[in-house]
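K.L.:
Here's the letter readout for the chains.
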Amino acid sequence: MPADRPELAAKAVAAQPDLVILDLEDAIPLAGKAGARAALETAVAGVGGAMPVFVRVNPVSSGLFADDLAAVPGDAAGLVVPKFDATSQLESLSRATSLPVIAGIETVRGVADARDLLAPPVVGCYFGAEDYVADLGGVRTDANGEVAVARALVAMAARLAGIPALDMVTIDLHDDHRFSTEAHDARALGYAGKLCIHPRQVSLANTAFLPSDAEVAWATRLLAAFDDARGATIAFEGQMVDEVVAARARAILRVAPAS
Amino acid sequence: MPADRPELAAKAVAAQPDLVILDLEDAIPLAGKAGARAALETAVAGVGGAMPVFVRVNPVSSGLFADDLAAVPGDAAGLVVPKFDATSQLESLSRATSLPVIAGIETVRGVADARDLLAPPVVGCYFGAEDYVADLGGVRTDANGEVAVARALVAMAARLAGIPALDMVTIDLHDDHRFSTEAHDARALGYAGKLCIHPRQVSLANTAFLPSDAEVAWATRLLAAFDDARGATIAFEGQMVDEVVAARARAILRVAPAS
Amino acid sequence: MPADRPELAAKAVAAQPDLVILDLEDAIPLAGKAGARAALETAVAGVGGAMPVFVRVNPVSSGLFADDLAAVPGDAAGLVVPKFDATSQLESLSRATSLPVIAGIETVRGVADARDLLAPPVVGCYFGAEDYVADLGGVRTDANGEVAVARALVAMAARLAGIPALDMVTIDLHDDHRFSTEAHDARALGYAGKLCIHPRQVSLANTAFLPSDAEVAWATRLLAAFDDARGATIAFEGQMVDEVVAARARAILRVAPAS
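Residue numbers (our numbering), protein chains in the order written: chain A, -11 to 247; chain B, -11 to 247; chain C, -11 to 247.
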């Protein structure tokens, strides 16, 4: 949510996201940065501890970073640092703050160097498709073909760093189908969640990133059969099942919502 | 155009490409190389300064390179160097010529090392799908799936080098739909243009790589609304618009053809 | 085939694969490893020299590797080493065995570092989609979108190493369409073959990785026309044909089955 709209905090909380991000960057025009910084305390108070609050500051090299950082309330849980694309910024961050950082990988350089960039104090990252394509000089399309490789590379880099990756925003506010399709694709690619820009998107994300009832039922049946066979390779519902497939089934049950 | 067919220069010029490339490489069989070199002056004269003329020489390591280079007319604007895939070739080129170079990235090694290869005197590059797939030992298909990753990586490397990338040729001479679809995809991926092998393809490329009327109209409406909101995040025609999306709209108007 | 099922060797041989792999890893539960090792000799004898036999051992770092290696029969042709993802394992292998190795690239680290990993004694590799996606924390889907980038990168790395790459298994035992579609896609991407987990898949693979009759006929016609033109660029059946396209046609005839 834009940091200058603290009255939106109640709606954000009601949507039950895993965390709330107060944006000082792209959502706030230059003339509004000071006002948005001044509103951070009220916005954090509006969330009221219901979930962690992160503040998206302007990029480290933007000239706005120091003032942004000084304005971050003491009860903020962390920073989101956009357009993160130089390892020198890791040192700048470590010197400037002890807060955990979610890094925005959203430039061509950021994607190309993601493996080196995702290191402490970075504890998570997101892929920013709109900024990435603007930097690339490309065109955003509904089919997302222009971000397919970059989006996969960011998820791979996050896995190598052992941190969660969050999928790109869907700027179409009312296109639930697009949001859910992208969320499903993102989960398949290894993303742990998806950035939301509207409360209605949060429940779509929460649904998409948890195993479906059908997946849970499949995993339960499969593991029963695999245990019966004492771990020997079996044919199960037309598929060969060995330890690898069983491991995937166990992973589904591990994160499945309690029924 | 094949360098041994200088009579085609008039047709090439009439099609109004951004530049003309006279090919000494794959278009010319070994027995014809000497004749094609001898025809370069006539071909350049045929273009008559209407647009820059580049000469595609044979690869640096081909054994034909020195003779090709010696034959390049003084009024050629630059070289196209195919199968460019070793950084040592950068030094060879710098020693051998002061002409700007468009590098052909069209081997697996070239794609994998593109980030290091795209350095001065290279001022542009193209992705060569036919050669790439031949080197890969794969199969060219209509769907282009076999080149999807390589094609994206080349555009990313060009962006990191700050130079334009040109998309692969479409060897289907009469399949305008394929050419235009590929050109649109290429523009989305960040390509600045597309190699043409027939005059009829040039206008298709010129159309595809400029914003459409619909894009220009969208960008104009969007920026009016965004300016009205003084840069605050707005909902515009169902999409969230912030500084990033506005920047994309400005980029469209910057390159739009004058109406 | 699971190494503890030597009675399956006759079926495997009858399917006429290029080689047989006896699996000690995912197909065999921990309690069965010793029994499967003891059955290796019988299984190799069952193949009876009809084609080379490789033994898939457990990963180098699994704690099972040494015992697996000690059990490999003297007439085994080589090892398959799964979850291969550290260059230190190259030295471990060189010290431990003089057998050629097919490396399983099936972790995120393995894919990211494939170019360094594919070195002697590795003489081939396979891409393991099930393990890769499990390691990635993603979801396996019918459309294979979640493995598209990794699968392409492995084929590229294999080409740079000058070794053949084998495509992922298809665990759907009765879905011939999926198997064949994947095999065709894999061939386009530069894969030389595909792992099979059921005898019925072998003939599908053998068909998919050889040029079709239509490809052979096209290549024959094209080369006749190109030779008539003495290597000059020609328009052939609506396509521009130059040396690159002719080289692809020659490659098709080189591997085509004798008619």
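Hints listed in this document are in silico derivations from the structure and should not be mistaken for laboratory results.
Take these hints with a grain of salt, some might be off.
In this list, chains with the same sequence are indistinguishable; a pair is considered to hold if it fits within one copy or across any two.
Calculated pairs, SDA-like style, for lysine to any residue (alpha carbon to alpha carbon, straight line, at most 20 Å) [to be verified]:
no.	residue 1	residue 2
1	K(-1)	S49
2	K21	A59
3	K21	A235
4	K21	A58
5	K21	A180
6	K21	D216
7	K21	A220
8	K(-1)	Q227
9	K21	P(-6)
10	K21	P187
11	K(-1)	A223
12	K21	L161
13	K21	S49
14	K(-1)	R103
15	K21	R218
16	K21	A122
17	K(-1)	A212
18	K21	R97
19	K(-1)	G36
K.L.:
Taking the numbered hints from earlier one at a time, note which ones the structure violates and give those numbers from smallest to largest.
P.N.:
Going through the list in order, the structure violates hints 1, 5, 10, 12, 14, 16, 17, 18 and respects the others.
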